[in-house]
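**Q** Here is how the chains run, residue by residue.
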Amino acid sequence: MSRAYQIRVSETVVKTVHIEDGLSFRLEILDVLGKERMQALLTEELEGQGYEEGEDGKLVKKVGDVEVAVDPSSGTVEVRLDATETIEKAGSKRGMVYDPDKGREVMANALKSRLNREVDEDAEAIRAELTAELEKRLPGVRAELDRVANKVTAAALKEKARQMGEIEELSEDETTGELTIRVRV
Amino acid sequence: MSGVVTTTEARLVRSVRAVLRGASAGELKTLITPSLKSPTKTRARRSTKPKRKITPPFEQIGPTAMRLLCDSIRTGTVAALVRRGGWQPRHGSDSGPANQRLWEVAPDLPLTYSQQSYQLCRWLCGVPLELESMTLGDDLLFRFAADALRRCDIGIGPLGDASLVWLAHPVAFGRRALPDWSRLLTDEGRTILHGLRDDHAARWVRLEIQKAETPDPAAHAEWSRRQRRVLESFLDAIEAAERFELAGFLVDAGAALAQRPASAWVAGLPSRASLSARSEASTQAAALLRCFGRLSRWYDQQATVPFFEEEYHRAQRLVAQWEHLGREGFAALSRTADQLESGRLLTPEPTS
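Quick note, the sequences are listed as chains A and B, same order. Numbered per the numbering used here, the first sequence spans residues 1 to 185. Numbered per the numbering used here, the second sequence spans residues 1001 to 1352.
Calculated directly from the structure, the hints in this document are not laboratory data. Small disclaimer: the values here were computed from a predicted structure and weren't measured.
Quick partial rundown of chain A residues pointing at chain B, CB under 10 Å, derived from the structure:
1) 20
2) 79
3) 131
4) 132
5) 135
6) 142
The following label-pair restraints were derived from C-beta to C-beta distances:
7) B:1242 with A:57: 40 to 50 Å
8) B:1021 with A:105: 52 to 62 Å
9) B:1233 with A:132: 35 to 45 Å
10) B:1242 with A:16: 57 to 67 Å
11) A:118 with B:1088: 58 to 68 Å
12) B:1263 with A:174: 26 to 36 Å
The C-beta atom is built at its ideal place from N, Cα and C for all residues, glycine as well.
Using the sequences and the hints given, assemble the complete structure.
**A** Put into structure tokens, the structure is as follows:
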């Protein structure tokens, strides 16, 4: 007659997860002076705002934990937030089996699967918090880059006006961003 | 014995007729059982009895059944084409009046059906499909069969050689090689596309609405990629052949979509999804809308054809047919693409 054995297994799963989220978009800058000059103006303005040259010619700045990278040649902006967390899950499982060795292996695998699922759920929860944090910071980053884009466009328009002729009048409203240039050609 | 068909032959003919008359999914499921698997091996058994030769179903059908099948296909495809929009009095040939129904434009539409059509009919009844070269008539039959199968939630992967199936179901085929569009670039192809214009336009609009409602950002982005792949290939073929009028259904779809606010394209994306996934979906949707930029360029080119050129009247007809979208509509679609690419729709704007 076969006997049933009660066994208990315990497992611990430790996983280090790297979580990141972000998005990319393009700065809205009119091509007033040609690609190269516009790129130079954008680079100058971004460096004035604290951006430094990073990999692949991009200009990078950290706004808190958020990394903002701008490619001045294309005007593409990448905003990223990442985090590295170590998640540890421990658990145990008790059950009745007829073959203790095989039963222990099966129960241990089932327990590991469950713990891995819990780790994935925790990682997803961390990712959701990361996303919420990024969404909170994004408007501020956009506002700063919009100001950069407006300044670059204004500088380019002034330079273009000087190339065209003599500037008779130049007025700029900093609150609205309105720029009026009268040129005698 | 003439005038008599077997039970299996009757089923074959009834299946094809049900497909072509647009029968409901419930009725279709009782008739069609397309072969979805390759033939499986049977277990070898020892037997002393002489083996009986089993003829695969529909390997041969009688002359009465073949006549009925041919008649069903010939009349059924044309009737289906007329029902799908050919009755609309707005199609016109280059030389005739502007507002004509399809049978007035092409009273003798020379559609031919090859062995491939018969292979398709057999496939609908469970025989593995063997793909051969295809005529425009075969393409049209494949298209109506695909519609019937989709109504029954049955995959249409084996029908991917038919270009009309790709235009109607652009997200069904993944990374599969794109079809040969050359059949659609002929005068007969143009007639078929004009007949299906309303149907294609409605499908592309419905697809955009369904895509916008999908809560899965990855699926949203993948649909856009597949649509764009099909569109770009089709538009390349049209441009090379200078048959710009064949994109009429896209203009109709664009006219319906131009009124939608940009936020509608990403309305279904859940806020709990990652920003990168939502951004990718939004960017891919924008890339699809950019295809309308090519149509806009053609529209402008045709509008500026001088009156003394041979193509003037043809160009003016195209401009008149696309006027309901027009420059304003193309501009609206471009603005929508700009907003989707900017990513601003994914996050709330700060309140000052």
